[in-house]
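A.B. asks: Take the sequences, apply the hints, and build the full model.
There are 2 protein chains.
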Amino acid sequence: MKKSIFYHAGCPVCVSAEQDILELVGTDNVEIVHFGESKSRIAEAEKAGVKSVPALVTPNGNVLHINYGASMADVKA
Amino acid sequence: MKKSIFYHAGCPVCVSAEQDILELVGTDNVEIVHFGESKSRIAEAEKAGVKSVPALVTPNGNVLHINYGASMADVKA
Numbered sequence: 021m022k023k024s025i026f027y028h029a030g031c032p033v034c035v036s037a038e039q040d041i042l043e044l045v046g047t048d049n050v051e052i053v054h055f056g057e058s059k060s061r062i063a064e065a066e067k068a069g070v071k072s073v074p075a076l077v078t079p080n081g082n083v084l085h086i087n088y089g090a091s092m093a094d095v096k097a
Numbered sequence: 021m022k023k024s025i026f027y028h029a030g031c032p033v034c035v036s037a038e039q040d041i042l043e044l045v046g047t048d049n050v051e052i053v054h055f056g057e058s059k060s061r062i063a064e065a066e067k068a069g070v071k072s073v074p075a076l077v078t079p080n081g082n083v084l085h086i087n088y089g090a091s092m093a094d095v096k097a
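Protein sequence lines, in the order shown, are assigned to chains A and B.
Quick note on numbering: the first sequence equals residues 21 to 97 in the numbering used here.
Quick note on numbering: the second sequence equals residues 21 to 97 in the numbering used here.
Some hints here could point you the wrong way.
No distinction is drawn between identical chains; accordingly, a pair holds when it is met within one copy or between any pair of copies.
To be verified - Derived lysine-lysine pairs resembling BS3-like cross-links, with alpha carbons at most 30 angstroms apart:
(1) 22 with 96
(2) 59 with 23
(3) 71 with 23
(4) 71 with 96
(5) 23 with 96
(6) 96 with 67
Quick caveat, the hints were computed from the structure, so don't treat them as lab data.
Everything numeric in this text was worked out from a predicted model, so none of it was measured.
C.D. replies: This is the structure we're talking about:
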């Protein structure tokens, strides 16, 4: 199975959601991207349709925005 | 593993998220509750902390609000 990608920005909401997603989907099936550590991947996430974090991009390209941590504008600030 | 519960209200956003969640988490690991068919379970969902649908309540009781279909107020209307 192609991996999902979980984008987050280290906020408390994000970290909590990350734990849940990893547990539900399985650690091996998700790539975790932390924008604080990987600023260069913000553009990729926006291109995929990510509007806020945390968000999970599924293997078929759908974007699931989970709870609400921060907007992409906040992430870039 | 205890099942997660996916609450939704049949809106297009909900149905799309349902497909994604079932694929990611596995059909056997999720109970699907459609408020249109199970009005009686709205109170249970609210008690669990569901504020909008679609939402996934994880086995450990966390609520993941996914995208945004409708508020619980809309669901009850």
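A.B. asks: Against this structure, judge whether each hint is valid.
C.D. replies: Okay, the hints, checked on the actual structure:
1. 22 with 96: Answer is within: at 28 angstroms inside a copy they meet the 30 angstroms cutoff, but 38 angstroms across does not.
2. 59 with 23: within (20 angstroms within a copy, 36 angstroms between copies)
3. 71 with 23: both (20 angstroms within a copy, 29 angstroms between copies)
4. 71 with 96: For residue 71 and residue 96, the Cα distance is within 30 angstroms both inside one copy (12 angstroms) and across copies (28 angstroms).
5. 23 with 96: within (25 angstroms within a copy, 37 angstroms between copies)
6. 96 with 67: within (14 angstroms within a copy, 36 angstroms between copies)
Consistency note: the structure conflicts with none of the earlier hints.
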